[in-house]
Amino acid sequence: MSERARDAAARLRAGDTAALARAIRWLEDGDALGASVLREVAGAPERAWRIGVTGPAGAGKSTLVDALITELRRRGQRVGVLAVDPSSPFSGGALLGDRLRMQRHTLDPGVFIRSMATRGRMGGLASATHGAAILVDAAGFDVVLIETVGVGQDELDVAELAHTTVVVSVPGLGDEVQALKAGLFEVADVHALNKADLPGADSAERNLRALLDLETQRREGEPRWAPPLVRTVAARGDGVPALLDACDAHRVHLAASGEGERRAATRAEQLFYALLREQAPQRLLARATDLDRTIAALRAGEIDAFAAAEAVLAGGGLPAL
Amino acid sequence: MAKRIRVLLAKLGLDSHTIGVTVIAKALRDAGMEVIYSGLKQTPEMVVRTAIQEDVDVVGLSSLSAAHMSHFSRVLELLRAEGASDKLVLGGGVIPERDAEKLRAMGVAAVFTMGATTTEIIEFIERWWTQREAQ
Ligand SMILES: Nc1nc2c(ncn2[C@@H]2O[C@H](COP(=O)(O)OP(=O)(O)OP(=O)(O)O)[C@@H](O)[C@H]2O)c(=O)[nH]1
Ligand SMILES: [Mg+2]
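Chains as they are written, first to last, in numbering that gives the first Met the number 0: chain A, 0 to 320; chain B, 0 to 134.
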């Protein structure tokens with residue numbers, strides 16, 4: 000198996016997109032080969048710049064990603080895209096529609112686009128997205144664009160994965176309140192006010208700027224970065240070069256202020272905990288002795304759930320009755 | 000984490016009917032599959048690129064135009080060239096039985112014409128998947 004993983008990693012590093020796509024699939028499916036490939040490529044320094052794109056459903060995230068691809072390609076960058084859409088909580092299936100907006104890049108060999116379903120994971124990303132971003136980096140892409148699901152509340156994992164997080168909002172009564180509730184202001188490095196062609200764009204900008212001032216005060220004492228606000232019309236590409244310039248300025252800021260290193264350290268710690276959270280339950284259960292007997296005793300009311308759980312957590316078998 | 004069947008649905012050529020594809024996409028989603036709909040006016044090259052980048056198991060192609068024969072055969076040819084002929088290729092649309100026969104001979108696993116139900120399509124895919132997983 001490690002032979003297959005090594006081979007896959009080598010092909011992926013050589014830029015083979017079929018190998019890259021398959022390795023991402025292994026991660027999604029929980030196939031052990033995925034983790035092996037990740038271990039093969041891990042340890043290499045992070046090269047790619049990861050830009051997260053988040054915001055409410057329908058804000059124009061995919062359209063903006065499409066326009067960002069165009070602009071990044073103009074600047075000579077190779078672009079990988081991970082576009083996340085929600086899995087249905089009822090069937091577990093998913094309609095992955097982000098890619099539809101990015102079709103014109105399909106035949107560009109400098110662009111790799113992969114749709115991912117959340118598969119039950121909360122937070123706006125799939126469990127496999129973090130690993131996938133590392134693989135896309137290893138395959139030689141300069142920039143990884145990560146589109147989250149349309150956020151409601153508390154779906155902000157992208158800030159833990161991206162170097163620069165773009166929050167997309169749109170004109171419309173109450174949307175700023177929605178963004179506030181969701182905590183989007185706290186994670187934004189750059190704000191895009193998209194659909195600036197719609198009526199209400201000016202008042203939306205005023206509201207956003209007022210809220211941004213408050214947020215800048217909150218961040219007093221942190222290395223100075225006032226998240227800029229850029230108006231865009233993603234469908235036409237308007238404002239997109241300026242948006243990318245703003246992201247670039249943030250990237251420079253991260254490097255110059257030391258904030259980038261501080262965030263990298265936090266990211267490593269967060270990833271560590273995320274991996275443990277994901278894998279610990281299965282491993283614990285696999286290791287538990289007498290699990291069947293424990294559960295039978297639990298169901299029969301001979302022991303209580305607390306005692307049973309404690310026994311498994313302590314690494315032992317059936318607790319003394 | 001459970002494995003999930005991933006399906007690409009694409010419309011080849013110039014036809015612009017999307018209703019049929021949307022219904023199939025929803026039915027497959029409700030059957031627990033992950034469905035990527037890549038839009039209209041896809042060329043065979045685009046279909047194969049997308050199928051590889053998305054690592055789908057199933058490629059569902061529909062074509063309402065008379066050009067389906069050459070389009071389908073080009074998709075199959077490209078999949079083979081890319082070493083991706085392990086994918087299940089299905090056809091749909093307005094396809095006369097005479098052509099459907101030729102498509103099956105070419106390597107299209109099944110052709111679902113207008114009368115086919117989504118249940119038939121789902122059962123076909125699931126049977127294929129079960130057999131492949133058993134290997
Ligand atoms: N008027 C206007 N419409 C836009 C603009 N950008 C995107 N749209 C439209 O907004 C709709 C939603 O765009 P998407 O890019 O799919 O939005 P999204 O945020 O990715 O949506 P989800 O992934 O479903 O959350 C589409 O109909 C776009 O054409 C814009 O700048 N102006
Ligand atoms: Mg989208």
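Keep in mind that the hints were calculated from the coordinates and are not lab data. Quick caveat: nothing in here was measured; it's all calculated off a predicted structure. For each residue, glycine too, the CB sits at the ideal point set by N, CA and C. Warning: the hint list may mix true and false statements.
[As the list claims (entries may be wrong)] Stretches of chain A that chain B covers, calculated by requiring three or more beta carbons in the stretch to come under 8 Å of a beta carbon on chain B: (1) 63-74; (2) 86-94; (3) 203-217.
[To be verified] Computed beta-carbon distance windows for the label pairs: (4) B:T117 with A:D6: 31 to 41 Å; (5) B:T116 with A:L274: 54 to 64 Å; (6) A:D6 with B:A80: 48 to 58 Å; (7) A:W224 with B:T116: 34 to 44 Å; (8) A:A285 with B:T117: 34 to 44 Å; (9) A:G14 with B:T117: 52 to 62 Å; (10) B:G106 with A:A308: 22 to 32 Å.
[As the list claims (entries may be wrong)] Here are some, though not all, of the chain B residues that point toward chain A, as calculated from beta-carbon distances under 8 Å: (11) D29; (12) S37; (13) T49; (14) M68; (15) L77; (16) R79; (17) A80; (18) A83; (19) L87; (20) M113; (21) G114; (22) T129.
Okay, which hints does this one fail, numbers in order? 1, 3, 5, 6, 7, 9, 10, 14, 15, 16, 17, 19, 20, 21, 22
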